[in-house]
Structure formats: structure tokens, C-alpha cells
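Could you build the full structure based on these sequences and the hints that come with them?
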Amino acid sequence: FRWWLEYSGGQVTDWGVHHMDISLWAMGLENTGPVSIEGKADFPTVSNGFNVAVDFDCNLTFGDGQVCRLYSGQNELILSGDKGRIRVNRGGLTGKPVEELTPADEDRLNDEIIKLCHGRDPSGQNGTDDSAGAHMHNFFDCVRDGGKTISDPRTHHRSVSVCHLANIAMLKKRRLQFDPEKEVIIGDEEANAMLRRDQRPEYSIYG
1 FRWWLEYSGG QVTDWGVHHM DISLWAMGLE NTGPVSIEGK ADFPTVSNGF NVAVDFDCNL
61 TFGDGQVCRL YSGQNELILS GDKGRIRVNR GGLTGKPVEE LTPADEDRLN DEIIKLCHGR
121 DPSGQNGTDD SAGAHMHNFF DCVRDGGKTI SDPRTHHRSV SVCHLANIAM LKKRRLQFDP
181 EKEVIIGDEE ANAMLRRDQR PEYSIYG
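Numbering follows the working numbering, with no gaps: position 146 of the sequence shown is 146.
Be careful, since some hints might not be right.
Claimed, not checked - In silico DSS-like pairs for lysine-lysine, Cα to Cα no more than 25 Å straight-line: (1) Lys40 <-> Lys172; (2) Lys182 <-> Lys172; (3) Lys148 <-> Lys172; (4) Lys83 <-> Lys96; (5) Lys148 <-> Lys40; (6) Lys115 <-> Lys148.
Bear in mind the hints are in silico, worked out from the structure with no lab data behind them.
Written out as C-alpha cells, the structure is:
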């Protein structure tokens, strides 16, 4: 169902949320949303075929002036700043800032990771990656001690909501203004109505 707008948001939300999660965290924007969204996409119109965006390119501008670009192509994230660029994907990190890390920097970053994981080293046995297991450990630790998970619901709502906003802007083919505090699209009722779907009473989650 990932490829039908009736049920999902396609690659914009499917892979997009994984990259948005990291990018918003790195930019210090994980607790807010964009103020302006503008993009374009090709939506297939084949009868009885999937209808989500295939090729897409969307800019999300935040209140502090930072811009996050969500586009199709390589399944990766690129962080650009004054001191260079960092490329992030499931294979790891590359880029000038990464290459310039000293052993002391790496030790400090590892200490920060362990701190975020409530004292647990998220790396697997023999130094292998075990990100799925690390998330499960973190979740169970937080259930036990009442702590906040690394991937907490509030910030991840923000991560996926920017992807939905990108889809709405590209579907409507116009720039949207968004209030990240009230979480409403400003001055565009047609687009604003797409922020939620009517639910059948027996399946409603709104009470």
C-alpha cells in the first residue's frame, strides 16, 4: 500500500521520514516545522496503477532561515554547512568534517551516544552495527525507567509531518505557508483540509 496515495505517501514519506529524522535533529529543528513549503513532482496517471510521486523536489524553509531539500534520487542525506558537507546513509558517514575528526573527537561523540542511550553502547557485538536492536533496547529501557526514548513520538511526528506537507504542496502545485505552532496551513483551506482524513466512527482515534 506504500505506492497509493489513498493509503500512504510513497517514497516521500516512506524513506523521507528516515532522512528527515536525522536532518531535523542535526539542524536543531526536531521540535518545530517549516514555515514555507514549495516543490514539484511527477504523479503517475496510469489507470489502476500506483499514483504516488516518482520524481520529486521540494524545499522546506524554517523560521530561522534554514532550508531542507527533500528530493528523489540517491537514498542519502547531505548536511551542508560552513565547514563542509557530511553525507549520511545506512552505510555510515563521509565528508570533510568526518575525515577531520580526531580520536578525542570520536571518543567524545561515542560518550554522547552512550549518554543518549541511557548508558548502553548501541554498537553490536565485535563493533558491528545493531541499530534495530539498539532501538529496541532503548525502548524497553524507557518502559522500565520512564525515560524518554531517543526516537520519541513528538519529534517523529514532526519528522513525518514535514513529509506530508511536502506531498501536499507538490500535489496542489503551489507554495504553502505553515504555522508550526498551531500546525495549520495558512490561507489555503483546500490544502489545510488534506492535513487529516475523515475517519469512520468505529476506527476513529480522535475519541
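Here is what the structure says about each hint:
1. For the hint linking lysine 40 to lysine 172, the alpha-carbon distance of about 9 Å falls within 25 Å, and the restraint holds.
2. For the given pair, lysine 182 sits about 21 Å from lysine 172 by alpha-carbon distance, which is consistent with the 25 Å threshold.
3. Proposed proximity of lysine 148 and lysine 172 is contradicted: the alpha carbons are some 37 Å apart, above 25 Å.
4. The suggested pairing of lysine 83 with lysine 96 holds, with an alpha-carbon distance near 8 Å, which does not exceed 25 Å.
5. This hinted pair does not check out: lysine 148 and lysine 40 have alpha carbons roughly 37 Å apart, beyond 25 Å.
6. Our distance criterion of 25 Å between C-alpha atoms is met by lysine 115 and lysine 148, whose separation comes to about 12 Å.
The structure shown violates the earlier hints numbered 3 and 5.
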